[in-house]
Each structure stands twice: as structure tokens, then as C-alpha cells.
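Visitor: Given next are the chains, with one letter for each unit.
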Amino acid sequence: MWVRCLAFAIALWLAGPLPARAFIAYVSNEKGNTVSVIDTDKWTVTKTIKVGQRPRGIEFTVDGKFVLVAVGDDDTIQMIDTATQEVADTLPSGPDPELFIQDKAGKILYVANENDNTVTLIDLEKRTRIGDVQVGVEPEGMAISPDGKLLINTSETTNMAHFIDTQTHQIVANVLVDSRPRFAEFKRDGSELWVSSEIGGTVSVIDPAKHVVTKKITFEIPGLRKEAIQPVGISITPDGKIAFVALGPANRVAVIDAATHQVEKYLLVGQRVWHMAFTPDGKYLLVTNGLSNDVSVIDVAALKVIKTVQVGELPWGITIAKQ
Amino acid sequence: MSLNVVNAQPAGFSIAQYLTCLTGIVWREGLRFVHQRERFISALVRPLVWLFIFAAGFRQVLGISIIPPYETYILYEVYITPGLMAMIQLFNGMQSSLSMVYDREMGNMRTLLVSPFPRWYLLSCKLLAGTAVSVLQVYAFLLIAWFWEIEPPPIGYLTVLPALVLSGLMLGALGMLISSGIRQLENFAGVMNFVIFPMFFASSALYPLWRVQEGSPMLYYVCLFNPFTHAVELVRFALYGKMNWVSLAVVAGCTAVFMIGAMLAYDPSRGLSRRGPAGGET
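In order, the protein sequences belong to chains A and B. Numbering-wise (our numbering), the first sequence opens with residue 48 and increments by one. Numbering-wise (our numbering), the second sequence opens with residue 267 and increments by one.
Calculated pairs, DSS-like style, for lysine-lysine (alpha carbon to alpha carbon, straight line, at most 30 Å):
1. A:LYS262 - A:LYS234
2. A:LYS351 - B:LYS508
3. A:LYS94 - B:LYS508
Pulled from the structure, derived: some chain B residues nowhere near chain A, Cβ distances all over 10 Å:
4. VAL292
5. LEU297
6. PHE318
7. ASP369
8. VAL431
9. LEU475
Hints are computed from structural coordinates only; laboratory data are not their basis. Computed from a prediction, not measured in an experiment: that's the story for all the values here. The C-beta atom is built at its ideal place from N, Cα and C for all residues, glycine as well.
Assemble the whole structure, with the sequences as input and the hints as a guide.
Guide: Below is the structure:
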């Protein structure tokens with residue numbers, strides 16, 4: 048009996064910690080010129096990677112081998128090797144790249160170049176530039192429809208969402224939204240496109256087939272001036288039921304019923320909340336708080352902020368994948 | 267003859283008899299509390315007014331700082347909840363002391379003090395009874411606060427219990443010590459002005475100490491040496507399943523000092539109550 052117990056204990060001990068279900072988050076720190084790496088099991092920063100100047104848009108490649116980060120003031124996109132956690136290569140974007148998105152296969156990268164009014168297309172395998180699409184002034188938000196046929200780009204000064212055919216690379220429609228559109232996000236079923244307007248203080252819900260705004264979501268927080276509510280990042284749960292909208296200097300993330308478009312509650316996070324990303328299991332949503340230099344963790348099921356992790360200076364973008 | 271009976275030493279009492287005495291005193295305090303419905307309601311309304319009205323106007327006050335035991339940013343309502351829990355206990359402690367002054371004026375105190383049990387035991391029972399009532403009030407408050415989205419972790423409701431008992435004992439013992447010095451019921455207004463308000467406002471109940479320090483370093487030290495601050499912090503940490511050792515030491519130490527003080531003060535042969543005959547003043 049004792050021997051069996053001991054053997055079991057030793058077996059447990061040898062087995063070590065349970066198989067890693069940990070995820071890893073990369074956060075771009077716009078002012079610190081670094082990328083912070085967060086272990087989502089311990090909620091701590093495990094490494095800080097030195098990158099180029101003004102890192103903003105950040106995303107894992109589809110194969111998970113690299114993290115791409117747009118370093119705007121160096122006019123390029125850097126590739127961080129996830130094995131070595133060091134910058135391994137660069138991609139040729141236009142001037143001042145800000146946000147970008149890959150097609151589903153991870154072959155083409157579409158980059159919004161803020162200072163050039165263009166979207167640059169990059170072949171990810173050859174790591175070469177294959178073309179440009181002229182869009183409005185100060186392009187920023189990028190989204191791709193779930194069927195891969197439509198690329199969306201929002202231009203901050205033109206106040207439009209441009210619909211670009213991914214085959215012909217031609218703009219097929221322009222939809223006017225409120226002032227300073229920052230970010231675009233499709234529902235997973237492709238039925239709706241959400242575009243946030245930072246100065247307008249609204250989120251426009253667009254019918255992607257008819258190219259019309261069907262609903263404008265507004266926000267009201269008691270005790271806060273209207274101008275302090277500036278929607279930026281949008282994340283919609285994979286089941287399409289709940290949407291989260293980062294409200295910038297309002298220091299809150301709005302929780303929205305994605306079916307009825309009603310705001311259900313506001314979650315208090317750090318200062319100037321900007322972009323966000325779900326963990327791959329959908330349990331947590333991590334949001335970057337630019338001015339308080341930290342990342343808040345939202346429990347998606349409980350709709351509660353459970354933790355805030357200190358990162359580098361002026362965190363901006365975030366991407367999460369399996370470790 | 268009867269004096270001899272009173273002085274017949276309690277050494278011979280069994281544990282069951284001690285328990286009967288404890289139950290009697292707790293029961294009396296409980297009944298008194300239940301029968302005074304207004305007291306129960308007012309004990310709840312006071313912190314709820316702070317929570318619903320005062321805190322609503324100060325939602326942005328806390329600024330940006332994550333202080334332990336919190337792990338993320340919190341609203342002001344969440345911050346002041348432990349302070350309001352301790353406030354319930356502070357008022358309750360003082361109210362118990364008020365009832366002792368009343369008992370003494372009415373002569374009920376004699377009934378209690380002529381009991382053959384040792385005085386320290388009787389006073390401890392009285393303290394425990396008051397603490398039990400205050401703990402009930404705090405849980406009722408927490409229940410209502412939960413609907414106001416003040417939702418500490420479930421384990422916190424359990425871990426806060428010992429902290430509440432200890433802080434309740436400390437504040438009750440303080441009240442008892444003060445009541446031994448009050449000769450008439452009317453003097454209780456002075457307790458409000460000179461004890462309850464300064465203790466409550468010069469503490470970490472309403473603002474974190476770093477914020478107080480920004481405003482006035484002098485006030486910061488006053489708050490730091492206020493035992494009520496440590497009662498609040500002990501409750502705050504326990505509500506989130508954490509331990510604040512410094513506050514625990516301060517609260518435990520103060521409880522011991524106040525209790526010993528109260529017991530000495532209530533000893534007619536040595537204490538303060540010697541100054542006047544119980545209930546006899548006119």
C-alpha cells in the first residue's frame with residue numbers, strides 16, 4: 048500500500064507540471080520601441096524584445112513561426128522569430144506602416160501605410176512587395192471578410208471604410224462613417240462589419256453586402272465627458288454573441304450584445320485603452336492601456352477584469368497564440 | 267450571606283456553565299438587536315448611503331494606481347466597501363458601549379456584574395455578543411453590495427470572517443473602555459464627535475494612504491497610527507483572501523490593550539467606574 052502510494056507520488060512528481068496550455072502574448076510598446084512577451088499562465092512579462100522605432104500593429108503569422116510588428120518610424124515591418132524571440136528579418140512596407148492583416152492562408156500581407164495613402168501587398172513567402180492600392184488619407188484599420196473576398200481599409204481623415212476586392216485589388220465601394228475611423232472587424236459569419244470612429248465616438252455596423260450603415264452604436268458613461276469616449280479596438284467573440292469595444296481615454300471597455308447592439312456594461316481598465324486580443328481558447332481578452340503602461344485581463348465568461356500586468360512604455364497592439 | 271455567595275469562587279464552574287453564561291449574554295444582545303428593527307435598518311442604511319450616494323460622486327477619484335490587495339483597476343465603490351464594513355463595526359462597537367452606559371444608568375449593569383462568573387469573562391462575553399451582531403450587520407451589507415456589483419471572490423466571504431471578528435472585538439473593546447469613562451447617556455454625543463468621526467475620517471477607509479500622503483504628510487502619519495486604519499486594511503485584505511501581517515499585529519495588539527484596559531476600568535475596586543456609583547447619579 049505504502050509502496051503504491053509512494054510510486055504514485057513519484058510518478059506525479061516525474062510527470063511534472065501539467066502539459067502546457069499556456070499561451071503567449073506579444074505586446075508592442077509604441078514609445079518604448081520594444082515588444083513585451085507575456086506568459087498567460089503566470090500573467091507576467093517573460094521577455095522584452097528590442098525592436099525598431101514606434102512599433103504599433105502586431106500579429107502572429109498564420110503558421111505561428113513569426114510575429115510581425117509594424118515599426119512606423121523605420122518604415123518597415125519586422126519579423127520576430129518566435130523560437131529565438133529576436134528580430135530575424137524585415138518586410139518591405141510603404142512609409143509609416145500602422146496596421147496590417149494576412150489572408151487566411153497566410154500568404155499575402157495587406158499593410159496600411161499611414162503617411163502614403165496606400166495599402167501595400169506583400170508576398171509573405173518571398174518577403175517581397177507585390178503591389179499597392181490607393182486608398183483615402185491616413186489609412187489605418189484593416190479587416191478581411193471571412194470568405195476572403197473583401198479587404199476593408201479605413202482611412203482616418205477621409206472618414207471612410209474602403210471595400211477592396213482581393214482578386215482585382217480594386218475598390219468596389221466606399222462607406223462614409225463618423226470621424227476618424229480607427230479599426231474594422233468582421234463578425235465571424237461575415238454578416239456584419241463593425242467600424243469604430245475615434246472622434247465621432249461611435250461604432251458603425253455595416254451590411255457588407257449592401258455597403259450601408261445599418262446601425263450606429265453610441266456610448267454613455269456617467270461622469271465622463273462625451274469627448275473622453277473614443278472607441279478604437281473591437282473584438283467580437285467567435286460565436287458572435289458579445290463584442291468588446293475599447294473606449295480609449297474613457298479607460299473602459301464596453302461590453303455589447305452583438306445581436307441587439309445594446310451596450311450591456313462598461314469594464315474599468317487602465318488609461319487610454321487601445322487594442323485587444325482573445326486568448327486562443329476564448330477565455331480571456333487582453334487589452335492594452337497606453338498611458339498606464341499595462342495590459343488588463345478580462346475574464347470573458349464572467350465579464351470581469353481580473354488582473355493588470357505592467358508592460359513597456361505606451362503599449363499599443365497585442366497578439367496571442369499558443370506557446 | 268448573599269455577598270458570600272457572590273464571592274464563592276468561579277473556579278468550580280464547569281465549561282457548560284460558562285457556555286450557558288455566554289449564550290445568555292449573546293442571546294440577550296441578539297434579541298435586543300432583533301427587536302430594535304430601526305437599529306438594524308439604520309445600521310444598514312448608513313453604509314449604503316455612503317456606497318450609493320457618496321461613492322457615486324467620486325467614481326473617478328482614485329486615479330491610476332493598483333494597490334494591494336487589488337490586482338487591477340477598481341471603482342471607488344469597490345475601494346470604500348471594506349472601509350464601510352469597518353464603519354459598521356465602529357458604530358456597533360460604540361453603540362454597545364452606549365448600551366452599557368444605559369444599562370448602568372438603569373441599573374441593569376448590576377444584574378450582570380453580580381453574576382458569580384469572573385468579571386473578565388462577563389465583559390468578554392459582552393464583547394463577543396456585540397461582535398456577533400456587528401458581523402451579522404456586515405454580511406447583510408455585503409449581500410446588498412453584491413447587487414451593486416461589488417463582488418469579491420467567493421472565498422473572500424469566508425476569509426473575511428476571522429478578520430471581522432478580530433476588528434469587531436477591537437472596536438467593541440475600545441467602546442467598552444470609553445463607556446467606562448462616560449457617566450451619563452447624554453455624553454455619548456461627545457463620543458461621536460471625538461472618537462467615531464476622527465477615527466473614520468483619518469483612516470484609509472475613504473482614500474488610500476498614498477493619496478492622503480500627497481495631500482498632507484502630517485495627516486498621513488495620523489492615519490498610519492490610527493488603529494481603525496489597520497482594522498480597515500485587515501478586512502480589505504481578508505476580503506480578497508489575502509493577509510496583511512502588519513495590520514493583523516496592530517489590530518491584535520490594540521484588541522489586547524483595549525480589552526485589558528476595559529477590564530481594569532470596569533473593576534470597581536481599581537477602575538474608572540469608581541468615580542461614581544453605578545446608575546446612582548442624578
